[in-house]
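Q: The chain contents come next:
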Amino acid sequence: MFRRERSIPLRGSAAALCNNLSVLQLPVRNLTHFGVVHGPSAQLLSAAPEGVPLAQRQLQAKEGAGVSPPLITQVHWCVLPFRVLLVLTSHRGIQMYESDGSVMVYWHALDAGDASLVQAVFARGIAASGHFICVGMWSGRVLVFDIPAKGPNIVLSEELAGHQTPVTDIATEPAQGQDCVADVVTADDSGLLCVWRSGPKFKLLTRIPGFGVPCPSVQLWQGTIAAGYGNGQVRLYEASTGTLHVQIDAHARAICALDLAPELLSAAEDTFVHIWKLSRSPEGGYIEVEHCHGECVPDTQVCGARFCDPSGSSFAVTGYDLAEILRFSSM
Amino acid sequence: MLRAAWRALSSIRTQAVTQAPVLGLPGGGCAKLLSVQRDLPSRPGGLILRAARGYATQKPVQPSHEDDPLPSMLLKDYQDIPGIEKVDDVVKKILSLEMANQKEKLKIKKEQLMKKVVENPKDTGSLEARILNDIISTMFNRKFMEELFKPQELYSKKALRTVYDRLAHASIMRLNQASMDKDVLLVTFNHLDAIKGFIQDSPTILHQVDETFQQLTETYGGLSAGEFQLIRQTLLIFFQDLHIRVSIFLKDKVQNSSGRFVLPVSGPLPWGTKVPGLIRTFNHKGEEVRKAEFKHGGSYVAAPKEGSFELYGDRVLKLGTNMYSVNRPVETHMSGASENLAAQTQESIAPNPLAKEELNLLARLIGGMEIKKPSGPEPGFRLNLFTTDEEEEQAALTRPEELSYEVINIQATQDQQTNEELARIMGEFEILDQPRRSASKGDDLLAMMDEL
Numbered sequence: 001m002f003r004r005e006r007s008i009p010l011r012g013s014a015a016a017l018c019n020n021l022s023v024l025q026l027p028v029r030n031l032t033h034f035g036v037v038h039g040p041s042a043q044l045l046s047a048a049p050e051g052v053p054l055a056q057r058q059l060q061a062k063e064g065a066g067v068s069p070p071l072i073t074q075v076h077w078c079v080l081p082f083r084v085l086l087v088l089t090s091h092r093g094i095q096m097y098e099s100d101g102s103v104m105v106y107w108h109a110l111d112a113g114d115a116s117l118v119q120a121v122f123a124r125g126i127a128a129s130g131h132f133i134c135v136g137m138w139s140g141r142v143l144v145f146d147i148p149a150k151g152p153n154i155v156l157s158e159e160l161a162g163h164q165t166p167v168t169d170i171a172t173e174p175a176q177g178q179d180c181v182a183d184v185v186t187a188d189d190s191g192l193l194c195v196w197r198s199g200p201k202f203k204l205l206t207r208i209p210g211f212g213v214p215c216p217s218v219q220l221w222q223g224t225i226a227a228g229y230g231n232g233q234v235r236l237y238e239a240s241t242g243t244l245h246v247q248i249d250a251h252a253r254a255i256c257a258l259d260l261a262p263e264l265l266s267a268a269e270d271t272f273v274h275i276w277k278l279s280r281s282p283e284g285g286y287i288e289v290e291h292c293h294g295e296c297v298p299d300t301q302v303c304g305a306r307f308c309d310p311s312g313s314s315f316a317v318t319g320y321d322l323a324e325i326l327r328f329s330s331m
Numbered sequence: 001m002l003r004a005a006w007r008a009l010s011s012i013r014t015q016a017v018t019q020a021p022v023l024g025l026p027g028g029g030c031a032k033l034l035s036v037q038r039d040l041p042s043r044p045g046g047l048i049l050r051a052a053r054g055y056a057t058q059k060p061v062q063p064s065h066e067d068d069p070l071p072s073m074l075l076k077d078y079q080d081i082p083g084i085e086k087v088d089d090v091v092k093k094i095l096s097l098e099m100a101n102q103k104e105k106l107k108i109k110k111e112q113l114m115k116k117v118v119e120n121p122k123d124t125g126s127l128e129a130r131i132l133n134d135i136i137s138t139m140f141n142r143k144f145m146e147e148l149f150k151p152q153e154l155y156s157k158k159a160l161r162t163v164y165d166r167l168a169h170a171s172i173m174r175l176n177q178a179s180m181d182k183d184v185l186l187v188t189f190n191h192l193d194a195i196k197g198f199i200q201d202s203p204t205i206l207h208q209v210d211e212t213f214q215q216l217t218e219t220y221g222g223l224s225a226g227e228f229q230l231i232r233q234t235l236l237i238f239f240q241d242l243h244i245r246v247s248i249f250l251k252d253k254v255q256n257s258s259g260r261f262v263l264p265v266s267g268p269l270p271w272g273t274k275v276p277g278l279i280r281t282f283n284h285k286g287e288e289v290r291k292a293e294f295k296h297g298g299s300y301v302a303a304p305k306e307g308s309f310e311l312y313g314d315r316v317l318k319l320g321t322n323m324y325s326v327n328r329p330v331e332t333h334m335s336g337a338s339e340n341l342a343a344q345t346q347e348s349i350a351p352n353p354l355a356k357e358e359l360n361l362l363a364r365l366i367g368g369m370e371i372k373k374p375s376g377p378e379p380g381f382r383l384n385l386f387t388t389d390e391e392e393e394q395a396a397l398t399r400p401e402e403l404s405y406e407v408i409n410i411q412a413t414q415d416q417q418t419n420e421e422l423a424r425i426m427g428e429f430e431i432l433d434q435p436r437r438s439a440s441k442g443d444d445l446l447a448m449m450d451e452l
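Each protein sequence line maps, in turn, to chains E and B. The first sequence begins at 1 in my numbering and counts up by one. The second sequence begins at 1 in my numbering and counts up by one.
To be clear, the hints were calculated from the coordinates, so they are not data collected in a lab. Heads up, a few of these hints could be off.
[Said to hold, decoys possible] Some residues of chain B that are not near chain E, with every Cβ distance over 10 Å (derived):
(1) Q79
(2) G83
(3) L106
(4) K115
(5) E153
(6) T188
(7) I195
(8) E211
(9) E227
(10) Q233
(11) D241
(12) L263
(13) P270
(14) K274
(15) R280
(16) T281
[What the hints assert, rightly or not] Capping the alpha-carbon separation at 25 Å, the derived lysine-lysine pairs in BS3-like fashion look like this:
(17) K157(B) with K62(E)
(18) K291(B) with K277(E)
(19) K62(E) with K158(B)
(20) K277(E) with K295(B)
(21) K157(B) with K277(E)
Beta carbons are placed, not taken as given, at the ideal position from N, Cα and C, and that holds for glycine.
Based on the provided sequences and hints, a complete structural model is requested.
A: So, in structure tokens, the structure goes:
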């Protein structure tokens, strides 16, 4: 059972994007960082355990060529072996900052290139894998940046071609030590999932088709892919083979955020947030899913949800046009 | 892009205005028309004063054109009242131009000229229909639509507000955020269907709307669900942080008093979404091994069928249909709302027959109108002390048996005696043929006061 905790006020309301909440847990310093996209700006704030806001900062999307102020699509903290970077993707390019947002260390402008006049040009989908940061694009390409242990000397290492439609989300998990283990999953607007193995050269391992229903949010944990779809379904796949394990008719509207902590958290525009317990059955090795808790956030179009601690005993939620971060913790 | 659209719009506007013959009309000829109202007759005191004024300050009549309004023509304010032709001759004389000053004559002349300017042989029907036709034909003008369909970035709020001011358009974009993405197109089609309902008599405008339909289908029909989601998210950025409360939304409980929209956790699902609650587990061979259910907290039903994206078809979706066409109780008090859209009750292109009957009774009570036998299908009107008919029936059912029915007769119509009395008094308001010419206003006033 979860109870509602004190909300953290935001200076600007949350925009109606998917995955519009990023959380960086710093248990050593007893702090939690939150990142929310407002529109043309993103808001970062740090809070103490009880939700007391401590520091706030606003980051603007860097202007490029264009008439109106560019809109930010996603903000996400990337935890790398030796540093943490904050990445911002917008309709103009990719901005990377130090983890507190104080200094911009890298700027990559988007090349509209062969985009037709009717296509929107943007970057979306951010994840860290080893010492790489992967960022998705409107074209379906995924840019892989090689990040040094310190300093701004960031290099574009590779451009992955796996998708034909705009990338929505990327999920990664630390490689399990073996060689051919999948550790990166990319999702796009057509619902296609591409499973990769990271390295100096990324290798595409398998593809999971989506049949036209967009997949706005994807997570990867212990070899299991959790994908949320535009028709409210959550599906769990085996990452290495792409086999479907579980299909949950979880929500009445499009899923907008997922988190995996070891519990699975799903949030959708139907105002509901659900928590599911995943376990591997001893025989057969298939995954069992059990519904733990459902929370209704009245009259709120949820746009972001994340666990706030490693054990999954508390989570935070953002909603469209809501100028606060809602917090829940288990009793 | 915005400037091009403005230019297109302003060229349409100037076209409409320059069609008016050059007669020194004020520039906003069309705008003036929008403000013409059907006034209620002023109080009897006004009648006397007007008569007296006419009597006291008769100026020599200025030379005028041949098509000057006839002196027996009624004053502008009294022309449109139903049943006015049937009032007593004396009353008619008082209310006619014969008694009025030059200003009244000018008013009528101006109106006649405006009528000639605005009248379009194809436009039949009431004033409201004409205004609607004007607005819709401006809105769906081809040049403007072409500009609109060019791919472009989101306008700022200020820019869009200016465009709307130019259009003088009061469409309602219902802000339901909880709908599946392709539904946005169905909502737009619902809007267009409703607009087509308004302009059924005008084939040219209908054609314009149909063309826009085609263009919408061409541009948006082929978009994927992901692209629609991006469009919807971008549109929502426009409405972010606006907490304007709209009175009709508040009344329908679609919006609550904080300005946030109500997102119901029940109702029909978008096409393609299953009712939540099922967990299906599969083995590595793809066979279903387990089926479990969970409580999801809402009460949804699956959509019966997919909405039609054709020119004519069942959209299935209720969103975007005309909110004003639903029968709702008459409201007498407007709660504070920053954007107050006119909340007229029934949709009516034709004048409300009930209102007509009510005015007839009023005319009869004032006197002078013969009581005609009701010929139409709806003779008279019935007084209802409750807000709706349903409430009245409810009250009748719950009425305790002991209270007996007492019919109280209210003699509202005047009998012959009082009528004669009134006629005599009115007869004393005779017009002298030789009005006295006075030297100054001051004397005039004193003379008037002496007469009392």
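Q: Now, for every hint given, state plainly whether the structure supports it.
A: Hint-by-hint comparison with the structure:
Even its closest Cβ contact with chain E, about 51 Å, leaves Q79(B) beyond 10 Å, as expected for a residue assigned away from the interface. At the 10 Å boundary, the C-beta of G83(B) stays outside the reach of chain E, the nearest C-beta of that chain being 51 Å off. Distance check on L106(B): its Cβ is at least 51 Å (rounded) from any Cβ of chain E, clearing the 10 Å threshold; non-interface status holds. The claim that K115(B) lies off the interface holds: its Cβ sits roughly 45 Å from the closest Cβ of chain E, which is beyond the 10 Å cut-off.
Its beta-carbon lying about 5 Å from the closest one in chain E, E153(B) breaks the requirement of being farther than 10 Å from that chain. With a cut of 10 Å on Cβ distances, T188(B) stays outside the contact zone with chain E, its closest approach being about 18 Å. Every CB of chain E lies more than 10 Å from the CB of I195(B), the least distance being 26 Å, so the non-interface label holds. Once the 10 Å rule is applied to beta carbons, E211(B) is consistent with being away from chain E; the minimum gap is 20 Å.
The claim that E227(B) is not at the interface with chain E is violated, since a C-beta of that chain comes within 10 Å of its own (minimum 7 Å). The Cβ of Q233(B) sits about 5 Å from the closest Cβ of chain E, inside the 10 Å cut-off, so the non-interface label is violated. Under the 10 Å C-beta cut-off, the non-interface status given to D241(B) relative to chain E is violated; the minimum distance is some 6 Å. Under the 10 Å C-beta cut-off, the non-interface status given to L263(B) relative to chain E is violated; the minimum distance is some 5 Å.
At the 10 Å boundary, the C-beta of P270(B) falls inside the reach of chain E, the nearest C-beta of that chain being 7 Å off. A Cβ of chain E approaches the Cβ of K274(B) within 10 Å, the least distance being about 4 Å, so the stated non-interface status is violated. Consistency note on R280(B): stated as away from chain E, yet its beta-carbon is not over 10 Å from all of that chain's, at 5 Å minimum. Distance check on T281(B): its Cβ comes as close as 5 Å (rounded) to a Cβ of chain E, failing to clear the 10 Å threshold; non-interface status is violated.
With a C-alpha separation of about 21 Å, the suggested pairing of K157(B) with K62(E) holds against the 25 Å cut-off. For the proposed pair K291(B) and K277(E), the alpha carbon gap of about 16 Å is at most 25 Å, so the pair holds. For the suggested pair K62(E) and K158(B), the alpha carbons sit about 23 Å apart, so the restraint of at most 25 Å is met. Of the pairs offered as hints, the one joining K277(E) and K295(B) holds, with about 15 Å between alpha carbons and a cut-off of 25 Å not exceeded.
Straight-line distance between C-alpha atoms of K157(B) and K277(E) comes to about 45 Å, which puts the hinted pair past the 25 Å bound.
Taken one by one, the earlier hints fail for this structure at numbers 5, 9, 10, 11, 12, 13, 14, 15, 16, 21, listed in ascending order.
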